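Peer 1: Sequence:
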Amino acid sequence: YHRNRHTAIYAGPLHAYLSHKAAVPAGTHSLTFVPAGGARSDAVLEVSLEVATGEFTTLVVTDSDNADGAGVIATEVIENFDEMLPGTGRVTYLNAMSDGSVVNFNLNGIAYVTSLGAVGDDEDGRDAYVSIPMDSGLYDFTVNITGATEMLAELLETAIREFTEHHNDKTE
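Residue numbering for the sequence shown follows our numbering, beginning at 41 and increasing consecutively.
FYI, nobody ran anything at the bench for these hints, they're computed from the structure.
One should not assume that every hint holds.
Claimed, not checked - Label-pair restraints from in silico Cβ distances: (1) Ser88 / Ala63: 25 to 33 Å; (2) Gly149 / Ile118: 24 to 32 Å; (3) Gly67 / Asp180: 40 to 48 Å.
Predicted model only: the values in this text are computed from it and were never measured.
Glycine included, C-beta positions come from ideal geometry on N, C-alpha and C.
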């Protein structure tokens, strides 16, 4: 399975042309991203994606943080879809900050996933996403830049349901 996650706020709305639809057979697939309403010839990004049998892949499209400010980039995220235990759900934390900021995801006011690097920023050697099984229940999620106290985002009283996937991400 494949899905796209568009977080490139400076690129504006994008449309993706995929060589196959969401449930794709194993193999190599091409994706072309164009401005919404544009033709394939207006491509701002073309990506070749290798999908393995039984693999769930998210292609995260973010603004490029290079010094020239040139366009968008795509980063492949292989999702964890292992079987869940009864009474648990799974939460994926993803840092899609286009400025390369390192963030903390907090759970009920306590730093839970710390120093998560930005998607596409491989130079710092940090992971940009992590999937964690959690007990079912209600949680308050917040996000802050590592070392800062100001919260960038809040997801309060969020229900984590048994046998469900949840995606918390920070995009700015």
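Peer 1: Evaluate each hint against the coordinates.
Peer 2: These are the hints, each one checked on the structure:
Between Ser88 and Ala63 the CB atoms are about 19 Å apart, so this pair departs from the stated range of 25 to 33 Å. Restraint check, Gly149 to Ile118: a C-beta distance of roughly 31 Å satisfies the suggested window 24 to 32 Å. Evaluation of the 40 to 48 Å hint for Gly67 and Asp180 yields a pass: the beta carbon distance comes to about 42 Å.
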